[in-house]
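**Student:** Residue numbers (the working numbering), protein chains in the order written: chain A, 1409 to 1622; chain B, 626 to 842.
Since the hints were made in silico from the structure, they are not lab data. Using N, Cα and C, we set each Cβ at its ideal position, and we do this for glycine too. Among the hints, erroneous ones may be present.
The list that follows gives simulated cross-link-like pairs (lysine-lysine, BS3-like), each with its CA atoms no further than 25 Å apart [as the list claims (entries may be wrong)]:
hint	chain 1	residue 1	chain 2	residue 2
1	A	Lys-1478	B	Lys-821
2	B	Lys-697	A	Lys-1511
3	B	Lys-832	A	Lys-1515
4	A	Lys-1590	A	Lys-1439
5	B	Lys-832	A	Lys-1518
6	A	Lys-1482	A	Lys-1596
7	A	Lys-1553	A	Lys-1518
What follows is a list of derived Cβ distance ranges for each label pair [as the list claims (entries may be wrong)]:
hint	chain 1	residue 1	chain 2	residue 2	range
8	B	Gly-686	A	Ala-1454	42 to 48 Å
9	A	Gly-1598	B	Ala-812	35 to 41 Å
10	B	Leu-734	A	Glu-1617	31 to 37 Å
11	B	Leu-719	A	Ala-1454	36 to 42 Å
12	A	Asp-1585	B	Val-728	37 to 43 Å
13	B	Glu-815	A	Lys-1553	43 to 49 Å
14	B	Asp-683	A	Thr-1446	46 to 52 Å
Next come the chains, spelled out residue by residue.
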Amino acid sequence: MKNTIAIIGVLFFIVFCTSWVQQNDPYVALKDVSGFKTKLNQKNQATSTLACDFVQEKSLSFMAQKVLSKGTMKFKNPDMMKLEYTTPFQYIMSLYKGKVLIKDNGKVSKYDTNSNKVFKYVNDLMINAVKGNVADSKEFSIVYKENAKTVLMEMTPIDVTMKDYVNKVLVTVSKADYGVLKVEMTEKSGDYTLITFSNRVYNTIIQDEVFIVR
Amino acid sequence: MKYLLFVNFFLACFVFTTITSCSHKTYKKVSVGPSYTYTIQSDFFKTDSVHYFKTSIDTYGKALSGILAIKKLNADTLKVSFFTELGVSFFDVLIMHDSYNLVRCIPQLDTKGVMNTIVEDIRWVVLFNLNQLSQPVWVKKEGMEPTVRLNYQDVYIFSQLSPDNLPLQITYVYGSKFKSKFEVKYAQFENSIPTKIFVSHFNIDLKIDLTAITFSN
């Protein structure tokens, strides 16, 4: 009995310590910004494709609710990306050579990103955020922060129109492999959309046709 | 002369449009029977505080899609958010029975006409206005599902009902001219809650398809 209580006590202690460490690993200003940019750029150069799963968390502050959706993401350098939502709805958005292709409810729609400023902006933002290729962006002012395991890029849009849609974008990059772990878009209201990537597989062969939506 | 020809042509078009729009599906030739003594049922918000719908809006050749979240705050208030699949908000609105308060909205949707229409549609999608209906009477018409006519703010609402008094279709018509304004069809019920809802307007080109979805949170 005493042993059981001791084990439970130790477990509680470990859990407490783990959460304490997590809560006490706050972000501080990144010391070596140019070194980080170089490594991020090298990673980007070395990445031809990326395939992964994602979980999207949308906070609805007005409703005091959070909702989760899931799917898969495929990326091919330099400008192809496909987000395929599988749960709880089926929806595909593909960025393919300057076009946005959407499949919703069996219907395919096609938009030219250059015809719409918001599309172009979101298109560039999504692709560059996934690539981690935002360090030299002229569309954002960026503050770099770090903790033990990750670098956080706090990006604030410069364009006033875009601030109506996105107030801030937070991109979290792993210090281990310089891959993007999370992208969080915050709106003026405080609502945010957090996309967390997992099971990342780099540089497998992905044909261009995968990004064409039919 | 040219001006008169133009005016005549314009008037002819106007009369033709008016006649054809008024002649669209109506309940004009039905006669009413005895009072409907049951209660129209709705199981919205009975087990879930929020209903989510994957929503597609088609209007004048343009399409818009996203997630519609509808939360019942109390008997007289709905909280509604509409956002894209990627999570960017279109609007947040508080809806009461006779009014609404637009908390935020993207500029493209922020006009009185658009939001009035969307808000009224949302009220009917989740049958928020059921307790605002009065004077229910049976409608007699061959080949139709059992139908009840109700008074809603001095206009008529016709509701086709299932055997257990669940609405299968709501048709909102102008009281005096019986001109169809819009109809809402409820289909594919799960636990007495429709999982497919179709809203069609007849005096404007607007169709809304809603499919119920459940988020894990």
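**Student:** Looking back at the hints listed earlier, which ones does the structure fail to meet?
**Tutor:** Violated hints (numbers, rising): 2, 6, 7, 11; every other hint is consistent with the structure.
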